[in-house]
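J.: One letter stands for each residue in the lines below.
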Amino acid sequence: MILEVKSLYKSYGEKVAVDGVSFEIGRGEIFTIVGRNGAGKTTTIKCILGLRKKDSGEILMKGSRTYLPEDKKLYRNYTVEKMLYVAEGISRYFHRERARELAKKFKLPENEKIANLSHGMLTLLYLSIVFAEDVDLYILDEPTWGLDPVVRSEVLDMIRDMAAGGKSFLITTHILQEAEKISDRVAIMKDGKFLEIDSVDSLKEKYVAVRVGLNEYLEEGYLYKVASNEKIYIVERGKVSLEYQPASFEMIFQALVRGERK
Amino acid sequence: MTKEFYDMRVRTILTLVVMIAIFLSVAPLHNYAIKMLEEHKGELRGFNINIEALKNWNIYIYSQWFGKNFGQFIPIIAIIFAFPLFSREYENKTIEFLLTRMSRGKVFLNKFLAAAVNLSVEIAILSFLPLIYSVLFSKPLSYNLIWEFLIQSEVGGFLWFSLALLFSVIFDDQVKPLITVLGILALSIAFGFIRPLSFLNTYPYILGSNVLRGLGIDITRTAVFLTISSVLVSFSCALFIRKEI
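Order-wise, the sequence lines are chains A and B.
Terminal number for the first sequence in my numbering: 577, no gaps in between.
Terminal number for the second sequence in my numbering: 240, no gaps in between.
Rather than coming from a laboratory, the hints here were simulated on the basis of the structure.
It is possible that some hints are incorrect.
Cross-link-like lysine-lysine pairs, in silico, DSBU-like; alpha carbons within 30 Å at most [as the list claims (entries may be wrong)]:
id : chain 1 : residue 1 : chain 2 : residue 2
1  : A       : 419       : B       : 171
2  : B       : 238       : A       : 330
3  : A       : 368       : B       : 171
4  : A       : 377       : A       : 388
5  : B       : 238       : A       : 397
6  : A       : 388       : B       : -2
7  : A       : 369       : B       : 171
8  : A       : 521       : A       : 482
Quick caveat, the model's predicted, so the values are computed rather than measured.
Turn these sequences into a full structure, and let the hints steer you where they fit.
T.: Spelled out as structure tokens, the structure:
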């Protein structure tokens, strides 16, 4: 076990941002939290990292970690090369040569000022730094946001390769296909709570799609879509004795986070 | 700490160049200044200027450098060194990069030490300028007073540095700490004009008026200022360690 979080609570005044979240991440596991904006994903991560103070709960970190934030902000007046040099003095796990190789792979101009990099290039530079840190747990908040599909795929492959080598990942993302592609387990988060924690395959096994008429509703299910002549519900397999179809991860996610019954 | 020194290089060089330029507009003009004052002796009668005393190089350079030009800039230089230390990292959201890779205590210590050392060295260099100039141009300078001016300049500078450091930790942008500390500096001068509150004005100490009068270092104020500075730095550190990012 690399990370164990037990009953984590965090609120800002009346607003509960994280509401009793518990989970653990094993060695070599990719654990992804998916949820809409404001679901509490980033606050959960920031509490784990100690950037925000938790109200209650327990966080047990067994090993080293690094972090890629949602806002990929680095020192704008540094060049790429200077940033890698400075990172060496800041992180004891950082390997500059590895970072330079990654920067080269991502075609980052080493003498360019960070202020002149595009959003995608800045993300790649940050990823080069993070991936060049030899730690046990990589905490990545929206790691591929703003990257083109080719580079995104490369980054996801790198994550999978590193996980195969025993590195663990805690990732948040809006991109469901991405979560589905790389995650060993996903947590669907809404209003500070985890609605589900499981592998994508298990979730697809657990939930099915059921079509009913426009005037009908399923108390046991979550409304996914209202079409012109029918409604589609996502229900737990075996809870209703109606004809069902397999549900995609996106259908399950959307139905659960909307939480609508009618 | 390399990063901190690198980040401060522009501020350090710029303030040093400006102050050296000011020094060079004061020191070489000794004879010219005396000549000007003598020419306008009649008009300056009400200003209580002792022209005869200013003819003495010691009195001229100490009063014009420590007691005026350099002295009055010490709090400003100290504030310039301290106000962006943390607030710039918050404003640019780069603080997360540091805090997730180093302990908060280490981040604080690195920033504080790098800036404090920079400030201290710069004040020392600027304090020794009269000595360097006097040696180069064969001016007779009794340099024993330099140490006393230096200590009061360092302590006074450190007081304003510590105050600016505190506001740099508190505020999440760079404008607020700068405005707040400059406001406090202005108020301390203004209140200093009211006799019962004159102790609030730090300038008589920083400008070394007691040193110039031959009274030596003001031990009481030195001790009080050092104590206040230590409390401010400790409080800033405690706040930074608890601050939510």
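J.: Between the alpha carbons of residue 369 of chain A and residue 171 of chain B, is the straight-line distance 30 Å or under?
T.: holds, 28 Å
J.: Would you check the hint for residue 368 of chain A and residue 171 of chain B, treating anything up to 30 Å between C-alpha atoms as holding?
T.: holds, 25 Å
J.: When you check the alpha-carbon spacing of residue 238 of chain B and residue 330 of chain A, does it fall within 30 Å?
T.: Given that 30 Å is the threshold and the Cα spacing comes to 19 Å, the pair holds.
J.: Can you confirm whether the C-alpha distance between residue 377 of chain A and residue 388 of chain A stays at or below 30 Å?
T.: holds, 27 Å
J.: Can the restraint linking residue 419 of chain A and residue 171 of chain B be considered satisfied, given a maximum Cα separation of 30 Å?
T.: violated, 40 Å
J.: Keeping to a limit of 30 Å between CA atoms, is the pair of residue 238 of chain B and residue 397 of chain A held or broken?
T.: holds, 29 Å
J.: Between the alpha carbons of residue 388 of chain A and residue -2 of chain B, is the straight-line distance 30 Å or under?
T.: holds, 16 Å
J.: Between residue 521 of chain A and residue 482 of chain A, is the straight-line Cα distance small enough, at 30 Å or below?
T.: Between residue 521 of chain A and residue 482 of chain A the Cα gap is close to 29 Å, so the pair holds against 30 Å.
Consistency note: the structure conflicts with earlier hint 1 alone.
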